[in-house]
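First to last, the sequence lines map onto chains A and B. Everything in the first sequence is counted per my numbering, starting at 1 for the first residue and increasing by one. Everything in the second sequence is counted per my numbering, starting at 1 for the first residue and increasing by one.
Just so you know, the hints here were simulated from the structure itself, not pulled from any lab data. Warning: the hint list may mix true and false statements.
In silico SDA-like links for lysine to any residue, alpha-carbon gap of 20 Å or less [as the list claims (entries may be wrong)]:
#1 K84/A to A298/B
#2 K126/B to E100/B
#3 K19/B to S45/A
#4 K223/A to D28/A
#5 K214/B to T232/B
#6 K223/A to E100/A
#7 K19/B to A210/A
#8 K19/B to N145/A
#9 K84/A to R376/B
#10 K84/A to L299/B
#11 K209/A to R225/A
#12 K84/A to G203/B
#13 K84/A to E246/B
#14 K19/B to T104/A
#15 K51/B to A345/B
#16 K60/B to S47/B
#17 K126/B to A151/B
#18 K84/A to R4/B
#19 K84/A to T232/B
#20 K60/B to G203/B
#21 K60/B to Q208/B
#22 K84/A to D378/B
#23 K84/A to Q377/B
#24 K51/B to D158/B
#25 K19/B to P3/B
#26 K223/A to K84/A
#27 K19/B to S102/A
#28 K19/B to N101/A
#29 K60/B to T232/B
Far from chain B by the CB rule (all over 12 Å, computed), these chain A residues [what the hints assert, rightly or not]:
#30 A5
#31 S54
#32 R60
#33 S78
#34 S79
#35 G186
#36 V226
Fair warning: this is a prediction, and the values are worked out from it, not measured in the lab. From the three backbone atoms N, C-alpha and C, an ideal C-beta is built for every residue, glycine too.
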Amino acid sequence: MKAPAAAALASVSVVYPTPSGPVHALDDVTVDFPEMTSTAVVGRSGSGKSTLVSVLALLRRPTAGQVQLRSVVTSALSSDAAAKVRAGGIGVVFQAFHLENSLTVWENVMLPWYFQTARTSRSLAHDRALELLAVLGIPELADRNPNEVSGGQRQRVAIARALFAQPTLLIADEPTGNLDEETANGVAETLFLLPLTVGTTVVVVTHDKAIADRAGRKISLIKGRVSDP
Amino acid sequence: MIPRGRIVRLAIQLSWASKLRFVLLTLIAAVAMVVFLVVTELSRLSSEDLKQSISAEAGKTGTYAVDFSSTLGLSPNALRTLVTGVLEPFAPTSSLTMVEILSDVSFDCPPEATLGTQPALIVLHKGLNETRGSISAGTNVCLGGQRVPPAAITVPTDAERLEWLGEGPGSSSSGLVVDDMYQRLVLLSDPNPPNYRFIFVTGRDRDQTFEIEKSLSVRFQTLMKSFGIPATEVPFNVTRIDSAPEIRRAATGVDLVYSLVAWGVLILGALGLLVAEMIVVRDRSWFYGLSRAVGARALEIGSLVLVDILFVLGVGTILTLILAAALQPIAASFVDRTFQIQGVALLRASTFPKLMLGEGLILILAGCYPALRAVRQDPVDVLEPRVL
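Same shape as in the complex, but just chain A (with noise of 0.2 Å):
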């Protein structure tokens, strides 16, 4: 029986209108992403991977087609409705690590906290965020400023942010882009763990192929087209 889907596209076009004609950044997309899976999306430079991040993620709508995560379809949600589906479902984690060097890497973790309905307290929260450090093996850098510690070690904290708010759906983009080879193999494997650790579907976006490989599944996108789902 196949595995109900954290997120599916059906039919999904992004299209961006440019001076010289308008360019289908994402042609007619159906795909699904099972539960507590890893999918590895791989593709040149300008075939699309970045607007799926950003169509999965909810931060951009799609000209056309359908986005449903878990049974919900997203795909006529207003910037806030999509906002708060975000913080309770949906953890990014980008290339730029985005980490704010005024916070300490803990505060960083804990950034939707501030933005959650719930009423967690503080300590809960910082509680929490301690507790994903750990999961992730940098514990020793909570009191730390984000600028004073490694590339690696960076994105792991972007990836704990990503958890913070125990998403069903983590999507990373070019998370390896900014490290090197050996760093880049360490963060990979702990993405590639995380539907096992703490159960989370998981969409890496790459075009390392290496990095790929280690995914449960692979799939590529060609100008904007699924070739192999």
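Once you have looked at the hints, place chain B on chain A.
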């Protein structure tokens, strides 16, 4: 609903992270507010002086007199009640004064001729109490052939003479105020019937003589009919008695200039904060985008920017109060030496509502547009610039 304290805490943490920027912005806000306080105080002092001088020389703005040559059979009290009712929509009843005037009253006990014959003024209802001068304690005063104590007679102030008799300061002194206890004696002293004058202040620059006349005519119509007085021959006369509108306009102009300077400084301060906040929003655009990505809604992003400005304004206000208190003696001595004006008080309770209004203006000018920019920022553009 997101607990507001979290957003406030995060905004303050971010604001405090760049301390130099925060200190400089707070200084801009505080200096603008201190200048605002100084100019507002200067404006208050100079316009107060000017208004007092104008009031003494030319009466308060919108001062009217209604003269009754006949009471139409009413007692002075009944007349006052009637007139007060009519004038209520034009002026506060607290400003109304009613004076009984007998034009030729001899105040001397024969054969002396110290006070001579002059108008006697009996105040039947007084809006504001003023301290009048007294006559010499040794003066023999007689009214209607009877001796009265000199303390019963007082000398009207300049403003009262202007309002009650139409005489400006510097004119030959005439008219004495008689205590209302001696009203009957005064009435015996003058064969002519008394006139009644009502004085009131509308405070408005616009001339309302016609409207007041019309209202009085309507109210007195029935009484006049019963006395057989034709509607065209009204027993009263309404006169506007304040003067020098050009000087008043000039004084208003001075006020306006001060206000422009004070508010101009605040607006300049607000523009300074606006420029700084635009830079902050540009630098933090990735953070706002990231916050959107982790679940922040538009309101929370806007709040982060507005709290940043509010934090600067809040600390700026405290700094303003400290600076104003510290500068108080210097400002007082400077204003005294330069403008010969005493009584400077930078921290005056009446100034705080204006200051709060000014801070609201700064918040709107410096906060709204950056907040809107931050809210409208597409998170994809700042998080993944190479989206295509």
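query: Keeping to a limit of 20 Å between CA atoms, is the pair of K84/A and R4/B held or broken?
result: 16 Å, holds
20 Å Cα cutoff - pair K209/A, R225/A: 18 Å, holds
query: Does E246/B lie within 20 Å of K84/A when you go C-alpha to C-alpha?
result: 64 Å, violated
message: Just want to verify: R60/A was marked as not at the interface with chain B; is every Cβ pair farther apart than 12 Å?
response: 6 Å, violated
query: For the pair supplied as a hint, K223/A and D28/A, is the alpha-carbon distance within the 20 Å limit?
result: Given that 20 Å is the threshold and the Cα spacing comes to 11 Å, the pair holds.
query: Given the proposed pairing of K84/A with L299/B, does the C-alpha separation stay at or below 20 Å?
result: 12 Å, holds
query: Has the given pair, K126/B with E100/B, been kept, meaning a C-alpha gap of at most 20 Å?
result: Measuring from Cα to Cα gives roughly 12 Å; hence the hint holds.
query: Is the hinted pair K223/A and E100/A satisfied, with a Cα-Cα distance of at most 20 Å?
result: Measuring from Cα to Cα gives roughly 34 Å; hence the hint is violated.
message: Need the status of pair K60/B, T232/B: alpha-carbon distance at most 20 Å?
response: 30 Å, violated
field: Agreement of K19/B and P3/B with the hint, judged by alpha carbon distance not exceeding 20 Å
entry: The hint is violated at about 26 Å.
Pair hint K214/B and T232/B, alpha-carbon separation not exceeding 20 Å: 12 Å, holds
message: Would the hint linking K84/A and D378/B be met if the CA-CA limit is 20 Å?
response: Answer holds: K84/A to D378/B is near 16 Å, not above 20 Å.
The structure fails hints 3, 6, 7, 12, 13, 19, 25, 26, 29, 31, 32, 33, 34 (numbered hints given earlier, in ascending order).
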